[in-house]
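K.L.:
This is what each chain is made of:
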Amino acid sequence: MAAKQTNLLQGTLDLLILRSLLPGELHGLGVSRRVEQITKGTFQVKPGSLFPALHRMEEAGWLTSFWGESENNRKAKYYRLTKAGQKRLGTETEEWQKIAMAMTNALEAS
Amino acid sequence: MAIQSRIQSLLRNLFSKRAVERDLEDEVRAYVELTTDEKIAAGYSPADARRRALAEVGGSERLKGTVRESRAGSGLESLLQDLRFGVRQMVKSPGFCTTVIVTLSLSIGITAAVFSVLYAMLVRPLPYQDPERIVALDTRSASGGSQQASYPEYVDWRQMSHSFSALAGYDAGGSVTLESGTGAVSLDAVQGTDNLFDVFGVQPMLGRTFLPGEDQPGKNDVVVLGYGVWMHQFGSSAAVVGQTAKLDGRTYTVIGVMPEGFRFPINQLNAVYVPMHLTSNQKDNRGNHWMRTVGRLKPGVAYREAQADLAAVFVNLGRTDAFNAGRTIEIVDLTTYVVGSTSGALRLLLYAVLALLAIGCVNVAGLMLARGVKREREMALRSAVGASRGRILRQILTEALLFAVFGALGGVSLGYGLLKAMRMLLILSLSRGSEVSLNLPVLFTALLVSTLVTLVAALIPAMRLSGTAPTLALKSGGSAGTTRGQHRLRTGFVVTQVALALALVVVSGLLMQLLGSLRSTDLGFSADNILTTEISLPHGRYEGHDLLTSFYDPLMEKIGALPGVKAVGIIQMLPIQDWGWNSEHIHIVGTPPLRNPRTVAAETRFVSPGYYKVFQDGLVSGRYLDPGLDKSTTRMAAVVNEAFVKQFIPAGHDAVGMEIGDDANKDTMPDTDNPRILIVGVVKNMRQSLYRAPMPEMDFLVTQIPKQASMMAIGRMHLIVRTSVEPESLIGNVQRVFREVDPMLPFEAPQTMQAVIADVLTLERLENWLFGTFAAMAVLLAVVGLYGLISHEVELSTRDIGVRLALGATRGIILRGIYRRVGWMLVGGVFIGLLVTAGAQRYINSVVAVHVGKDGGLIIALAVGMILVGLLAAALPARRASSVQPMVALREE
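Chains as they are written, first to last, in our numbering: chain H, 4 to 113; chain P, 178 to 1070.
Calculated directly from the structure, the hints in this document are not laboratory data.
Watch out, some of these pointers could steer you wrong.
Not everything, but these chain H residues come out facing chain P in the computed CB check (under 7 Å) [unchecked claim]:
| id | residue |
| --- | --- |
| 1 | 31 |
| 2 | 75 |
| 3 | 77 |
Note that beta-carbon positions come from the ideal geometry of N, C-alpha and C, so glycine has one too.
Next comes chain P alone, as it looks inside the complex:
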């Protein structure tokens, strides 16, 4: 019964509002009449009676207001009313409205994007079974540098350790050519020991993974396909198990397909997995460190135990294996290992984005507060006209929510767009870059935070105001006292913003400086006009052949004949792009042996003579490598660089003519009875890495590599071409030549040397981009906040200024007063900002080194710049203040 009646009332209230209102109006008026009559009857004069009656009612508008509120449907109605009003308010002040929404969108969007990156890298679990039980073995050489395992070592570790349910070795980063009817395509190849898949515990989607012993020759021509490869190259066919696939010219049988989402290593998107195919050198040479290891801990075994177990194994082995004595190992859980050296940068990124979010929220809060103050009179009017406190608060809340909603929409689109734009850069620079996506927990958090801030900032002034007696607020001049506390708060806001902005600016400035110095590092060669491409000769077709006569020589000859080509060469590892192919046991014949011969390594390169012409590497003494003189039948010759001379050749001796005894590469020497290398020349240093000084290097001529080692040494090379024209213009011709020499070889897109260097700097470029954006935004927001604050203060104290001017103050004094105030704010903010930067030095150092001495100049310059920008921002409102006309100001209310 009651419900039926309520529904009827609800409908009536919503749809016959006017009738209902009129009725109420009449009722109230009738009540007043009756009360007046009563009072007249009691003896009051008619006028008096009426006045008392009205007093008793207490304001008919207010009365009607309370009745309206208690009506059914009043909630909904007032909400709609609030929304309509809110939208109208927003349209009326587009400047304010845009600023708030843009600030919210930027803060939410950037925060969401960065949180997504952090989530993918740090939070999201790896797509394996119980990933916290999987560890990577971080093995190091005696000199402390990172060094992988050799196969015989691995076999010993597997036998001698007790902590693993599976300890596997693998090699990734290589590529393999899949030949099908339509042509050849290059895929990522991961080769692993027979228990590789046992480490991950992920069941195949089709078929099976490796069986024990399947990594032995004769059984190892099987392949497990990754999901991506299965989809793109095998048409997602369910009958693929049992089919054959031609990889690098060799026939493999497909035994299984992995499910979607499984990727190992985590950044290999198009991988196929094959059991180990070892060369005899890889199988038997304890000194050939090429293999990575990964393992799953036995259930119940703690990290500490496994670490101690392996450390003991290493010590035991060191006793019998003098070659590898002194090696150390550290167990790292795979998740941490995958994040690797980027973890410091990511943590700094987190703090930076939180700072940005804080600045954004503070800005919005400040703007809302200012607006609240401006609307004091409006609130008072509402109160007088009959709105209850709750009603007013509800209305302000609704308006704030409107802002929050629009800001949220803007933020989500911005975040999504940002991630899309950055996707390529992320995939290149971060190991889990391909997993970055705008996910819900992240978005939700950012939205929640900014919405809360908006609402709180809007409500604080409203709470105070809705309780104020209307008459007070309606009095002309406004309430100066109440805003003083607000101004202190807003000043605090601006100071905070300036401080955080400065911290971000400093980091950004240092990063830019770093990138600039990396880019302008003296490489030892000119990177212009060099074109390079990667060559990977398939084992199946080239094994046992003379790689030079069957491929490289005809290739280089033809390319050399192309118009626009000045020089052509090959090298197995490009400078700057990569390094670490080195030998440790260097000793120079006739010199005292180094105390610890394994502590310094010399980079090893296999080159064709054209290499020196391509990079224009100058000769210091002796001669270049020469195929006429250095043949497969003569002594092994090497050309070394200045760093090698500095490191290994005693002062006063001429390197040319001295001999190197290289025990590690005995098997690659043509004459194993005389494994000594003759130094025939010294060349100028060329940097192998952008981040390190030039390392000692020995270059060998490709013609001198013995046949049995040639696949390992020069099966994978980089072609390098110096051009007299724009390098890209030759790509078409180069591709044609490749097809002429070997049509079945997949052609890797060539890159200019400049592009190669830029790729190396991808992570730095990403960091620069991000922090640069943060810093710019932070400064912008701080400036907006400062401008808003000063504007507002000037507006409110217009009358005071008028009075002062009228009493004799000059405009100069007014201006100076304002600038002094702004100046103190800025100085305070900058000071705190410098403290924050100093405090965060540890975190900043993980991204870019901060040296107070070296970078002090830059930091101070940035701080001064910040102050100047702030002063500039305050200039406009300051000028407005000083150009106040006293008479106008005094008259103003």
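Pulled out of the complex, with its shape left as it was, chain H reads as follows:
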């Protein structure tokens, strides 16, 4: 059960992370809190899922990272969307909306 859930969420998680970085760069914890915020508490991303996702997307070229200072002057690793990442956000959003519409139709039909 647990495995299935993660798989389902991986695509969703990527999309959420990309979306949360659209306004600007964030550090890891920040991304987690932003996702919680924009989904109104529905998704709480634990570090166990967050970190691998961030690193994976960075390797794929959709994010870049750099070391910066947090609000409390602590050192933290920040992530920012790349051009490719922005493009990906666009296509994934479209894809998602298509799926959502199809699902809605299917579930509403008698």
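Once you've looked at the hints, dock chain P against the given chain H.
P.N.:
Relative to chain H, chain P alone:
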């Protein structure tokens, strides 16, 4: 874009690993700090906040582990890591490592070798066109014994049957001398009817094969060369067609060369093919059964039809040919015919080698399982330190693969080496022995099976363990519950091994007994100090001459004069080596005719007087054959053996002085008006075959053979010499004498009589060797398995033993407990093994007869022996168990 980025990451991950790791470490730590700050801001105390932050992260090592795994290149990196670790593990436990690799190598190697033999014999198609359409005619005499065709019979069959597109006759097994400028060499000669090559459908590489009618006198001095002969004797010359070759002193024209790979019969490696050259006796005598027949079925004709067709032909012929009435025929497809009587042995061999492979795989599985259990703690540690389940499984798989690879390498080399070592023995004992080679499908199958077993056996414990919560496994004492099922499984393994090993041991024991009894069979003569060599006088140069005065007499005289020679003789067929030259229509004059005169045959031998001295065959009554008394002008005389007397002479009569009427050999009688043979003496029995009781035999003196029959009767003889010194020491002198008498005759290497007998037993020796090896290996593996199991169990229950000792048990009780357990395993295994042997009796019987009554003693002895060996194997670990120090054991974790 994405790809470029991925490649960059891959390179960075592989080559700047330390930097990447440090970065990750920092990132995680920073995350924890930030989370702690957040929680402090929310109102928790600093310590509390930190603790909660850490809890949220859930174990930084594990977290780092998951990140690492998702990285590009992680697969490759972990594989390399696994390999390095695996190799280190192997080096750390050399005993275990060697046992597994050796077991795998032995199993794979022997299996591959035996499968190769089976493939060459049973699976590989014969090198002819559509070989399943080619049949051999297995013709039998009225008494049921195998009997070949006579030429006039064959001509009738060819005319009267409708089922064959080609029905050919042939004679193989003879040799012919090729004379060239450099000397004389002996080749295998196959003579056949004009349509022989039509049966096989293989086109010649150069030139052509026989034309219709080319087997008639005047046209038949042509020869087709086999590939081997063309290569070695004619230098692979492309211009060989049209050249002449001198065979047995006669000039033949080479008309063609067969391609590489074509061989007929399948075991003739250096053959030349000539059309039939028949003597008048062979051509006209319906009772002279010397020719084999082979045919190709017409397209669309089924075996059943052809069989019925020929059976009808035989019945029809039987009406007009009283001589051959009652003969029967069976059509056998050539592939089966070639395998012949060895098919039963081969099938048994297949089962035996499968049993061995099973034992080997089971052993490896058991060893891997045990190891898996031992490494429980290691697995748990890994899990705790951050390895995911998949990672752990992958690592175990890699280690197992290492074993499989090394085992495979060992197995391939062993298999190859075995086949090479056995090659001569295989060629001598099996008709397709020369085709045995380590081929790919065979090797692949054996490798696949053993690799699968290794992997599965390694994975089973790993699968369970990698899911265990780390804390459970790390607790001291280990998990006793989980291993109980494993121990039941391993006990089952050991019992299976013992059972299979016993079955193999029984077969091997019976074979050894058989070989021993064959070797010690009472031959009726002493085989020591006898030297023999084969003589084949070339037709071209000796036809029409008196063979005795021109060759044999001077030869025997000169050899007799050599120092160390006690007696010299000649005979056309050596005892033990061969038999079947016989006459069927024996009736003793003055006695009531046998009900069915053709059902008992008497072996016929042509000998010189020295023969009896060489074999020291004692005289029972009458006299030996004597050239002074038995001349070409006097009555045909015969000396018979005791078996002949028993079979043909009525009780109370003295054989000496009685007469034999031998209708079949009328043409070989000196005085055809009085074709009766006078019995002049009776000698003691000498066995003609190792496998049968002595047969009735009539011996004739070579001086009495009429000229016209002499080439057929004594053109091919064996020289026999009794020596007072080591027989081999005379070989040089014997060769010198041969060269003096006829320098153009190729000299066949002499053999001692003992070697001749050993050759006859080649197949039995091969079987003994194979099954003996299997049995020894099976027992060894079973012992190793048993030892390993008991050792392991003792190791695991050391604490229990300590407790029991501390509570008052004596060492004796501990020991007895262990032996009782081992004993039950062994008894169970032996019992099942006996059942398996009984069940396989039909298959075993094709190799060696199993009689419960006669061999029961041997079988029981072997079973008891097996149990004792097993108990011995368990002795060492048992002793270790009983010498446990309670205090030490209790303290141990």
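K.L.:
Indicate, hint by hint, whether the structure satisfies it.
P.N.:
Here is how each hint holds up against the structure:
no.	hint	in the structure
1	31	5 Å, holds
2	75	5 Å, holds
3	77	5 Å, holds
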